[in-house]
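Student: Using the sequences and the hints given, assemble the complete structure.
2 protein chains.
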Amino acid sequence: MSKVWDKYPQVSKELESVKNIIKENIKTSEKYFQDSVIPLVDNGGKMLRAAFLLLSAKFGKYDKKKMHNLAAIIEILHLATLIHDDIIDNSKLRRGCESIQSKYGKEYAVYAGDILFCQCFSMLSQDDYTMDNMRSISKAVKKICMGEIKQNYFRYTRKVDLKKYIRIVSGKTAALFVLSFSIGAKEAECDENTVKLLGRIGYNIGMAFQVVDDLLDYDGETKKLGKSAQSDLKQGYYTLPIILALQEDKSGELSNILDNSNFNEDEVKSIVDLVKKYNGLEKARKIAERYTQRAFNGIEQLQDCESKDILKQIVKKLINRCY
Amino acid sequence: MSKVWDKYPQVSKELESVKNIIKENIKTSEKYFQDSVIPLVDNGGKMLRAAFLLLSAKFGKYDKKKMHNLAAIIEILHLATLIHDDIIDNSKLRRGCESIQSKYGKEYAVYAGDILFCQCFSMLSQDDYTMDNMRSISKAVKKICMGEIKQNYFRYTRKVDLKKYIRIVSGKTAALFVLSFSIGAKEAECDENTVKLLGRIGYNIGMAFQVVDDLLDYDGETKKLGKSAQSDLKQGYYTLPIILALQEDKSGELSNILDNSNFNEDEVKSIVDLVKKYNGLEKARKIAERYTQRAFNGIEQLQDCESKDILKQIVKKLINRCY
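In order, the protein sequences belong to chains A and B. Following my numbering, the numbering of the first sequence begins with -12 at its first residue and continues without gaps. Following my numbering, the numbering of the second sequence begins with -12 at its first residue and continues without gaps.
Everything labelled a hint here was simulated from the structure, so no lab data went into it. Some hints here could point you the wrong way.
Residues from chain A shown here face chain B by an in silico Cβ test under 7 Å; the list is partial [said to hold, decoys possible]: (1) Ile74; (2) Ser109; (3) Arg122.
On a predicted model such as this, the values are computed, not experimentally measured, just so you know. Glycine included, each C-beta is placed from N, C-alpha and C at the ideal position.
Tutor: Shown next as structure tokens:
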């Protein structure tokens, strides 16, 4: 289990059980499908979405088996979107291993993602989850895909401004965090206000998480990230640090380079330097802090319990992470 | 509406309503998503799966609104798989128009397909369909994807024998036909035997349909097909006509060419000629007829009604189609 959870043995133990459910469900499929997907589960990342679902559900009537299943569904959903993202981004690495699209080909990766999507809905239909949650899940996935489509549409153009960036991130990242925070709570019969509050906390954490991710694309290390550094930039995704740096780029030296595409290594280096020079990283970090603060304010309003304390500590870790 | 239904104004009218439901549901999404998908719906093909669902449901308690919705869901599901298939096959044409992957790029097509998958589950959760059907649908889509993965795995290899071919087609094509024949009937509360019988009919029609499709890849015309002729062959998919021809290719002249990949036009022509010379088309046609006969036998066991007559006539048309 990721070391994020080292200090919380209870969460860590429950996530281990979620991971086993994921693996069991993938094992119902054919051998070579299992072989391609299981390594990704084993190197399972931080399992943030599953953890947030479990922690939120604890504000209501916590049914362990049901919640572990639901957390597994959310993680499989996330896995499906990652596999499809890697096709688009041509990513070689995922969670420190060779990505499915790179190892098995893009063709395979399209269907592997599709199978995982179906697996989620198949698992949802096997337990007595509310139709309402089924609706929320399918809507969230639509939002994620729309966010990805928008992001892709704006590749290599400087037309992405702050407003468009926020819309993209609201879809591609925050939607799944909102879902993780709210569907567990809903199944645990939390009252409507608590579900809404948790959803808002999820939104702000999701936004902060993505901004930090975008920052790491500029100053993170490949080894720690488990994926290539500057990969977004090289793919032509102009994220928050660039958008904010451009606001101070009066001479046009940054925008001139960005008007090209398929940057060479020198250009990548220049862009990173200019983004730093024009305070892109610094300003983006402030925005991440603002979202984090909003998340904290939300968490403060939750009833006192162990989950609340864990949420606070984890959010603090996320904003300061380097992986 | 496709001319297949010209003789059946009632079916045609109902399919028109199904088409409107599909369009309305797609219109809930963003403008450019609509613009990319609606043309595919308008040039909507034969809508066979929807029609089979409606015709089967008529053997039970027919609730028009519910069945039209369910038929729309099945067609959207089919659309999603087509969009993803076109990515894999690099197809330029679909239903006589430029394919989404060709017009908007593969990246876009991945997410467009994903959105349509989610749309299905979202629609399913809005009506009071049985969880049992939700399960059947997600299982069927998994089967379809597994079939596609297998097909892709065997590209440009002569390892596909008759048994493997049947397994591939059972997944990639027949699974959705089985679903179309059975879920409408199940929702219409047909008794278990009738649902099973309809499922078997669907399976045999699906198998016959795919074999005829594979035959058309050899002797169909691009204009009539709405997609390129010999496209399967050029992509390295060795379908039934080749598999059967190879059984008579004692001299090895066909297998020698097949051991290459990326055939030039001359090689494509030689393969087509050799497949004909070694009776590949003739024998495949016999197999299609055998599946059709099984479908007829099944249909005969259904209770007498208008749907039964229409099914018989449509199946006869399908086996003799050239598009």
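Student: Would you mind marking each hint as holding or not holding in the structure?
Tutor: Now the hints, each set against the structure:
1. Ile74: With Cβ-Cβ at 6 Å, under 7 Å, it holds.
2. Ser109: holds, 4 Å
3. Arg122: holds, 4 Å
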